[in-house]
Amino acid sequence: MKKFNRRTLLRGALQGIGVGVALPLLDCFLDTNGKAFAATGARLPVRFGTWIWGCGFIPELWVPTTTGRDYAMPEHLKPVEAYRDQLAILSGFDVKLDGVPNKPHVTGCLGLRTGVPVPNENVKAPTLDVLIGDQIGTATRFRSLELSTSGVQRSYSYRAAGSANPSEVSPLALYQRIFGEGFQDPNAMTFTPDTEVMVRQSVLSAVGDERRKLMKQVGAADRQRLNEYFTSLRQLEQQLALQLEPPAPVRGFVMPDAPPETSLDSEMGNVMENHKLMAGLLARALQCNQTQVFNVLLSDTASNLRRPGATTTHHTLTHEEPDDKVLGYQKDVAWFAQQSMLAWRDFLDAVSAIPEGDGTLLDNCLVLAHSDCSIAKSHAVEGIPIMIAGSGGGRVKTGFHLAGAADPITRVGLTVQQAMGVQVEKWGALSMETNRTVTDLLS
Amino acid sequence: MFTDYLRFPLIKSGAVCVGLLATLLSGCDRGQSGALEPDPVGGPTVMRRLTESQYRATIADIFGADIPVAARFERELRAEGLLAIGTGEAGVSPFSIEQYDAAARSVAAAVVSEEKRNSLLSCQPQDEAVFDGQCAARIIDDYGLLLFRRPLTEAEQEKYLGAAQQASEQLHSFYAGVKHALVGLLMAPDFLLRIERTNKSATDAGRQQLDAWSKASRLSYFLTNSTPDRELLRAAGAGELDTATGLQQQVERLIASPRFEAAVRAFFADMLQYDLFDDLAKDPSIYPAFNSQVAADAREQTLRTIVDHLITQQGDYRELFTTRKTFLTRPLGIVYRLPVVTRNGWEETEYPLGSHRAGIQSNIDFLALHSHPGRSSPTLRGLAIRDIFLCQEVPDPPANVNFAVVQDPSNQAMPTARDRLTAHRTEPSCAGCHKIMDPAGLTLENYDGLGSYRTHENGALIDSSGSLDGPQFDDVDGLAQALHDHPETPRCVVEKLYRFAVGRDTVWDERAYMDYLIARFVDSGYRVPELMRTIALSKNFFAIDPDSGHGVTTEHASAVTEKGVRS
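Protein sequence lines, in the order shown, are assigned to chains H and U.
All residue numbers for the first sequence refer to the working numbering, where the first residue is 1 and numbers rise by one.
All residue numbers for the second sequence refer to the working numbering, where the first residue is 1001 and numbers rise by one.
Hints listed in this document are in silico derivations from the structure and should not be mistaken for laboratory results.
Some hints could be false.
As the list claims (entries may be wrong) - Okay, derived cross-link-like pairs now, EDC-like style, lysine to aspartate or glutamate, Cα gap no bigger than 16 Å in a straight line: (1) H:K103 to U:D1396; (2) H:K213 to U:D1190; (3) H:K78 to H:D349; (4) H:K216 to U:D1190; (5) U:K1435 to U:D1485; (6) H:K103 to H:E121; (7) U:K1200 to U:E1158; (8) H:K213 to U:E1154; (9) H:K276 to H:D349; (10) H:K124 to H:D98; (11) U:K1539 to U:D1515; (12) U:K1200 to U:E1154.
As the list claims (entries may be wrong) - The following residues of chain U were derived to be distant from chain H, with all beta-carbon distances above 12 Å: (13) R1072; (14) A1090; (15) A1164; (16) E1169; (17) A1176; (18) R1230; (19) G1246; (20) V1264; (21) A1281; (22) Q1293; (23) H1356; (24) P1471.
Cβ atoms here follow ideal geometry from the backbone N, Cα and C, with glycine treated the same way.
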């Protein structure tokens, strides 16, 4: 990414400002292999995202009975049958606690995402989406986008303890953040850099110049926090820098309509609606390269999903509902688990609805979908369900079910990071430390 | 509210009396315990992010209450039980920076707008299309001092003046230049973060002290939840905060000011965990009376009660748990099933005897917040009583609990929460903690998940008997008295208030200091404003232990002190 030098800028290097540059919209963006933009010669960008649903699964309704390619779709995965070839189902991988107290719904989720189980929310390492974002997501307008669809403003994306990236909870607010002020239509016919934006960027750059001086003035813990501040400030500077360059044209991009105001709570119907709207907006944002990294939280890990008029939430049900005597599992809990997979199908629908190259946007994504536990009733972190969707532009293989045989779940995180180009040979701590990738996934 | 407070005669009669009061306080009002402050211990310096309410109050105090702050603030971090401590641990995410930028631009644009510029900017250029360096420097120095809570260094003056000039020239407008320089000041870490600096030379019993500017910030955000005003900055620049009399004058002035109420509100909103209201949802088919207006009024009801009792009436803190005096609006009256005569707005009133309400723990903000979306929760309420009012930690539930014995609430075999919890408590791994949480919470079972009074659940009579560390009671009045009488009740508020003031957990060596604060609190008749005064005047409040990790001094600090305040 070309970085504007404030001083050269301000010396009046851009005197030609205000003169619009006409941008031809090319018919043919792809090379003969259908893989690259002919206009720029750049490859289609690869994207990474995570998709979390809370409170695990009903094993007998979710885990395929056989491994390999031709497994029979279990009841709760039936909604995603159409994506069989683009999905890898990973069962039986464990978070190993090594004696760390299991904070229900948190330790498993953060253990999977950081490689280090913690008894609270004070992560000891960045979550893998941040590590991958530092690799692939530094040239986009947003380093990452976080969305939560059940009214809960949190995320499980951490650069360090104390700084979870907050989630957008409202489709309308998400729309305004992406497609409101500062958004450039990639297919606009003319481009006129805005002097005001140039000034803003140079002012932020001047503020950023304080970094070295301030870092010397504070202690180690605060230095890390200041570092986060300056990293975030750089992202904003970069957003402005991007606005000063003509955007790369994107074939087939259509500006989405603003979504309606919706009810932002945990009632399942509202959640499904908000999730669908936000997934659609995210797909459009990915299409025109506003971000290459995202984190979606369908329901919080201690899921507060509920049905209208019910006194008990999904999470509470997992602990209080007796097993159905005929079915052998918790019937109402199963309903929420199934709804979660229907939402997952909606997500895949939204991403694959965008044509890209000779396939769809999904082909150029690697989405790591997971929960926080396997059996929520006992908060088990053994066998946390994982799915990988999309091949990350051909970087991973999909189309199979793999049983992890109680291997550390960090094998999945390590594999995904390597596939996304992170230079990491081993990952995780204590029993979770591993240098073994999941070879079935690697192309 | 605060005008009532100003009727308090000692305060009203101004500066002369302030001096007298100061003498009284230091001379003979040490109370029956005769507690003297132990040698200062101090802790690390803390780099604290402004909270949303502090950011908004700061902008309003510097530029005026009608200046828009057009941003969505990130959820604040709660650490060690307080958002105030989280401010010293939270990072700044890219989302937050985007939002700070939006806020800064909306503020700066309003400040230089045609209708505001003449009143808010201290000078005007000859020709607004041309940059006027002298005028811009005045504006930047003036607002730089207020925004950074200390004078700008020369390098900073140059930086922001340069930014103003370049922007002016590129945009052909003096005011655009000033606007962008203001955006820069508003985005700077020195504005968004309260970076505390120490004064190496001022030691007290082997401890360093904050420099005068950092003292002013600590005092101001603690006693007004906002930025130091010009008078406080003047006193800091003149070295007055380093003398006992000078400090006392400023503390009295801030406590007497109308802004003091905001500090008390900020503390209790933090202590009562009102940030959780952001996530609060109630099922509309079960609680049709709940809506966002009720939620907002419920918080305000309790805060008004607290402000009235603690500041206006100068009441005993413990009586917050027994008082029947309260404030209601019509939407609240529906939930409480009490008549409210006033059509719009607030009405001071009293819960009638026999209305089963007494104390802030029987208000619906507390009852609704610590419940599920579709039902009450004795466990959550019991936990909240322990955690919020008594500072007693209850561990997380064990992960591998078998809850299978607990049945669906519609199951008539276990119609009430007490039945379900009793079954639950047969599990030994659960019993330990539930014995601590449930007995207090079960007494509040007479309130449903929104806080409306009820006598039956699923057709069965609710047994509201309970206990709290000894005392047994049959109803909420008994719980109110038990909370009032509990020895941890005053101790807890003292600890929380001190941690709120310094933005960190107490350190081990501060035990004697905490005992001192508690003794003074008891002597004062459990008066919270007096406790805040004691903290603000104590040596420990500004003491920094240079060995405690964070704290680092700067050459910068003494450099700016010499320059003084130039506004």
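Status of each hint after checking the structure:
no.	hint	result
1	H:K103 to U:D1396	holds, 7 Å
2	H:K213 to U:D1190	holds, 12 Å
3	H:K78 to H:D349	holds, 14 Å
4	H:K216 to U:D1190	holds, 14 Å
5	U:K1435 to U:D1485	violated, 20 Å
6	H:K103 to H:E121	holds, 9 Å
7	U:K1200 to U:E1158	violated, 27 Å
8	H:K213 to U:E1154	holds, 14 Å
9	H:K276 to H:D349	holds, 9 Å
10	H:K124 to H:D98	holds, 15 Å
11	U:K1539 to U:D1515	holds, 15 Å
12	U:K1200 to U:E1154	violated, 22 Å
13	R1072	violated, 7 Å
14	A1090	violated, 5 Å
15	A1164	violated, 9 Å
16	E1169	violated, 8 Å
17	A1176	violated, 8 Å
18	R1230	holds, 25 Å
19	G1246	holds, 27 Å
20	V1264	holds, 27 Å
21	A1281	violated, 4 Å
22	Q1293	holds, 16 Å
23	H1356	holds, 22 Å
24	P1471	holds, 31 Å
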